[in-house]
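Read in order, the letters of the sequence shown are residues 9 to 479 in this note's numbering.
Any given hint could turn out to be false.
Stated by the list, open to error - Mimicking DSSO-like on lysine-lysine, the simulated pairs with C-alpha atoms at most 30 Å apart in a straight line are:
1. K377 x K295
2. K150 x K193
3. K121 x K150
4. K150 x K264
5. K193 x K142
6. K121 x K188
7. K377 x K354
8. K188 x K264
9. K377 x K449
10. K193 x K295
Unchecked claim - Pairwise CB distance ranges (calculated):
11. D62 x P183: 28 to 38 Å
12. T115 x D74: 12 to 22 Å
13. S174 x D425: 51 to 61 Å
14. P283 x I383: 23 to 33 Å
15. A452 x S416: 16 to 26 Å
Calculated directly from the structure, the hints in this document are not laboratory data.
Cβ atoms here follow ideal geometry from the backbone N, Cα and C, with glycine treated the same way.
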Amino acid sequence: MERSNSLLRLDRELDALARARDSVVEAVTNGIGDRLSKVKPLRNQFAPVYRLPDEILSYIFMLLHDSSDWSIGRTASHVSSVWRQVAVNTPRLWSGINKLNQLFVETCISRSKNAPLSIVICEPYLHPPSQMRKAACGAVAKRCVAALVPHSHRWERLSLRDLAWSDILPLFHAPAPRLKDLSLKFLADCPNDVLPSMSLRPFGGNSSQLRALHLADAPIPPSPSTLYPHLTSLWLGYAGDGNTPLYQSQLLDILKSTPYLEQLNLYEVTVSGSPGVIASPSIDLPKLGRVYTDSLDSWILRFILGSVYAPAIHTIEATSIFLGNDLASFFPLRERLERSIPSLLKFTSVEFEVLDYSDEEDFASVGIKGLVGQITLLAVDFYTQPGCIAHPIFCGLGRDLPLPLLTSLTITGLEDDRIDVSQIVDTLANLPTLQYLKFRKCSASFIDALVDIPIRTICPDFRSISHEHPY
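The task is simple: from the sequences and hints, build the whole structure.
In structure tokens form, the structure reads like this:
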């Protein structure tokens, strides 16, 4: 018994000592922590960056924010109390909303005060996907939308992706007088009864500052929609396929509704109609300077190029164009080009390149570049049958694509089993102003045969022929 009592007393004493030790350690730690929190700011004040005026810090933060680092406000606010105060009181740092999170959205709205808002939100990646997760995400989206709607007068950019129309429709009923950039991508379940009114007069018809419209697998507003009149940039993607065809007349009406258009982008757009149709009279687009397309049938671009009057065009880039029978399925007739896009008749040099083909492939990729001096005005990659490279594309130079000012032609990657010398000579006959003919990585037999042909009889100003890396 006495022994047990002794052990009990010792255990109690050990517990008391441990508690005393912990109390002392806690007191010392808290004291040192409090002192450190006071000393560190004093020490930091001697660092050059901490001697910067608040206005300079704020300006630096804004530069980082404007370079697409929208997280700088949150990052800076966790560095020190001084930086936090500067960051929290710099409204522009909180003007970028890119998270589908109600607290985050409300915080940005509050701290951004009256700064214009750039809103980029999308449904987060759900793995594994489930109806419950999508429903929860939809509920969050609705709450975020409810927070954003009262501030629609501040929207400058609105980008929505992978969201359900039912969750975001209130956004399109709010006036957006400062909105400049609208992007809608892969929005699901758009109700048919909502489309007509929503697409004709979105934002209550109050979006006169809109300059850029980006639609990917989204309903295309019909003309005359209030979205079009002041656009300078239009991007259409994944359109016209499936249950909602895009007709030629609809595309023409859209172009007619965008008289200030400067840039047109088309990506995997399917147009329903007749390949031979060209608008008459031409649609006047005096400011259109750039046209970018990807994965289009050649006749669609021919239809567009032949239907507009765009004298200011200085860049046409077309990738993965599916060619019809020949280059005439891509370029309008010369008389039409002279009236619609006269710059396409000003090439001084052309580069023709067989990019990739083999007997095992179902297609060949052939590129054409048209240059005026050192400036590339046209860059097109065609897809066509491997055995049909010579006639539809190369033999169309000067015939289907008029080249009245051409002085230099460069041919790359062409083999003699795809075209013979007589076809090259026939093509040169359509290029009377040619002065320089260059072969690169082509069959050596071309040079051997051409040196015996009096090219000057068909090209009076012809000066030289050369071959780099023959095989």
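Hint check results:
no., hint, result
1, K377 x K295, "holds (23 Å)"
2, K150 x K193, "holds (18 Å)"
3, K121 x K150, "holds (22 Å)"
4, K150 x K264, "violated (36 Å)"
5, K193 x K142, "holds (17 Å)"
6, K121 x K188, "holds (19 Å)"
7, K377 x K354, "holds (13 Å)"
8, K188 x K264, "holds (20 Å)"
9, K377 x K449, "holds (17 Å)"
10, K193 x K295, "holds (27 Å)"
11, D62 x P183: 28 to 38 Å, "holds (35 Å)"
12, T115 x D74: 12 to 22 Å, "holds (20 Å)"
13, S174 x D425: 51 to 61 Å, "holds (59 Å)"
14, P283 x I383: 23 to 33 Å, "holds (31 Å)"
15, A452 x S416: 16 to 26 Å, "holds (21 Å)"
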